[in-house]
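Colleague: For this one, chain A is given, so just place chains B and C on it according to the hints.
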Amino acid sequence: MSALLEVDSISRRFGGLNALKDVSFSINKDEIVGLIGPNGAGKTTCFNLVSGVMAPSAGAIRFNGHSIVGKKPSAIVGAGLVRTFQATTVFPNATVIENVMRGAFAATPVSMLGSVFNTRAAQAALSITLERCDLLLERLSLARFRQRCAGELSYGGQRRLGVAIALAAQPRLLMLDEPVAGLNPEEAADFGQLIRELHQAEKIAVLLVEHHMRLVMGLCHRIVVLDHGEKIAEGEPAEIRADRKVIEAYLGSEDLG
Amino acid sequence: MERSTSAAIDRDEPRLAAGRNLVPGAAIVILLAAALILPQLTPNQFYLHLAILVLFNAIFAISLGLIASVGQISLMHSAFVAAGAYVSALAALDLKIPPILDIVLAGVVTGLVAALLGKILLRLRGVYFVLVTFLTGQVFTLIALNWESVTHGANGLIGIPAISLLGFPLSTRLRFYYFALAAFVLVVTFIWLLMRSQYGRAFRSIAENVRLAESSGIDVSRYQIIAFALGSGIAGAAGAAMIHYVRFLSPDSFTFNDSIAYITMLVVGGRQSMIGGILGALFLTPLPEALRGLAGAQHIVYGAILLGVLLFLPGGLVSIGRGYFHKTSETEPT
Amino acid sequence: MSYSTLLAQAGLNGLVIGAMYMLMAVGFTLVFGIMRVVNFAHGEFYMLGAFAAFFTYVHWEMPFIVCLAIAALTIGILGMLIERTLIQPFRSDEMSGMIATLAISVIIQNGAVLLSGPAPRAMPDIVRGTLAIGPFSFPWSRLLVIAAAALIFIVFWLFMERTRLGRAMRAVAQDTETALIQGIRVNYMYPLAFGISVALAALAGALMGPIFSVSPFIGLTPMLKAFVVVILGGLGSVPGAVVGGLLLGLIESFTATIWGSLVSDILQLLLVILILLVRPSGLLGQREA
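Residue numbers (the numbering used here), protein chains in the order written: chain A, 481 to 737; chain B, 3 to 336; chain C, 45 to 333.
Keep in mind that the hints were calculated from the coordinates and are not lab data. Some hints here could point you the wrong way.
Derived DSSO-like pairs: lysine-lysine, alpha-carbon spacing no greater than 27 angstroms straight-line [stated by the list, open to error]:
| hint | chain 1 | residue 1 | chain 2 | residue 2 |
| --- | --- | --- | --- | --- |
| 1 | A | 552 | B | 121 |
| 2 | B | 121 | A | 551 |
| 3 | A | 552 | A | 683 |
| 4 | A | 683 | A | 551 |
Next comes chain A alone, as it looks inside the complex (with noise of 0.2 angstroms):
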């Protein structure tokens, strides 16, 4: 059984510098995978990759068996792969249903000529994918500011608003750029739940880039570590957490625990 995706030995040069050096790691279609590193890992750099925002300077990235290196990222969202933004998560002028309907642009069966018409069939499959936006929004305890501006909303608010676009999308692969940054402990506790309700009921594998550990322990089937380009550990969180090179790469660092 292949997995969903295959991260195959990607490195990524900046001039000089390399930001990445072959990088490894793969994730299945049932798991939650964190991929944790002190600041300047390269887990941005890898994100990015990943999803298509640059393009690695070596090796391979496949999704579902197929390479999407040198695709754009609306191609990679619409094999699939879908992720989210620590900063601008939402677009501030349009009402919040709004958003979610243009996250789901490419989920949604329109033909883009049958829309210009208004035909039966046209606003027939709008009205279903009006109808799932909706349930995300409630499901993303969402639906009561569904007329408001997506600027007005509070800061967790368009965080959630962020991961509901994704979700419009329908990934199988869903990437989560710092999710709770910026989040009090409850909020982000409230949000680790939502992702793993989320996992199981919708069966959306779950790639985690986060700082904050319980988060990350808590949550996911595996993790991945950065540091300084490389990728220095992999395992169950139990593993990582007494792995030593991982301890020493975090020392001094306010983050473990």
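Modeller: Below, chains B and C alone, put in the same frame as chain A:
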């Protein structure tokens, strides 16, 4: 701020929705009726000519607005107008193709050229794109001036035939006015349908947050090219139609100053919605005439109005109305 | 005329035009580098400089160097005022700022038409005679332009490198936030940078006045060329503007001499598109992260 989706009914307020849709609908019917009987109200040929200019300027402005809806500014819009005019004029004069077909041809050709240019140029970040459209527009003008064997250079093309609809020549101003009105209604309807559809959804997403749009599965470069090609193609077709009314074409007919004028109309009227482009054209087209007494200061007033609007009324004339009618009828492009 | 004379003349003219392009481009790129503003009115300040030189030299009959100083100062101050009142409001909105500078250019150009009329005016040469080197003869008026432009640039360079004010401006260009933290008054830097930028354009116009004529419409082409140079050399790169300016002047002069000006202009556009496709940051520009 947008309303909910285009094709789905707003479930929260069904009755209000019905009421809300009546007012703008009625307004449109009234305006259309007024436009139809306008020639009866003002038999003066000059005002009829002005009305025709307003209609065409409105088309130029809203087609530019289509390009702007993806967050791009084109400084070569008048170059496409001119290109369409030349294609149509030359097809009529040299190839003896009936003008009505020439107009379609002009639209298609300029649209394709724009698509090709867009494919190359739209890779560039906002500022670079604007600069290069400016440069390319200048080159278009240079070609029109210097390719004398085809365009007759500065002397221009004369004797361009009028449009003939099924043997019925549009040779009087009155007839052409109704043709212009029909063209205007056609363009407005098309763009309205487009912006209300998934295309509009894609355009507005790109204008608001490019990175998030791409990550939502919207192929940004594809839709930018589509907006640019459609906007420029419509401008080209409109330029072609206009030239069969004016019946004379030279490189001076459409210049960079016109590109600035279309931007001015769009900004003054309001970039946020299509009504803005129409309002801007309505307000600014008669201005040079009204200011004729000020000999030479007309353009300065133009520039001053643009600056004033940018500084003090950035939403344009439309934003004055929006404060009055709290809910608006159409989903606006942002 | 022999081939070598033709080439020598093309070379000299290329340097003259190149000097003008260099001054225009340096000013343009300075404003973009520091303030992220694309100034579509840049060419109009060139035109104003030409007019200032025209009036002070022809009507008031002042020594040319004084004319240059007056042109630079008056238009520099005008630029500072314009920046403070009309451009700063658009600090957070790049596109609207661009359109605003378009509006300003329309106002300035038509203001000039209103005040001076559309007809071009001729300006006499500042110096007469030619310098003979071997079989070639170079007009002093042309050599003067090249020398003056070089001098102006050296003064500018020294200002940016050696003075506290110049270093402060470069700090703002590199990283506005850090500059703020260091206590640099960013709100004074912007009008100053803009003023210097348009003063350079004014000097270019003043120097070129005797060579081309003086009319309200002479600003468009230099601005166009400034764009081309800045794209070639990299938006925000001063060395790029210098190299690009001189290079473009020479390319233009040679291609125009051999193939005519239309081909030359189209070649320049193709060059721009090529550079933008292959190396969007320009020949010497910074690659944007």
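Colleague: Now tell me, hint by hint, if it's right for this structure.
Modeller: Hints, one by one, checked against the model:
A C-alpha spacing of about 15 angstroms is found between residue 552 (chain A) and residue 121 (chain B), which places the hinted pair at or below 27 angstroms, so the restraint holds. A C-alpha spacing of about 17 angstroms is found between residue 121 (chain B) and residue 551 (chain A), which places the hinted pair at or below 27 angstroms, so the restraint holds. With a CA separation close to 25 angstroms, the supplied pair residue 552 (chain A) and residue 683 (chain A) stays within the 27 angstroms bound. For a cut-off of 27 angstroms, the pair hint linking residue 683 (chain A) to residue 551 (chain A) stands: about 25 angstroms separates their Cα positions.
When each numbered hint is compared with the structure, no violation occurs for any of them.
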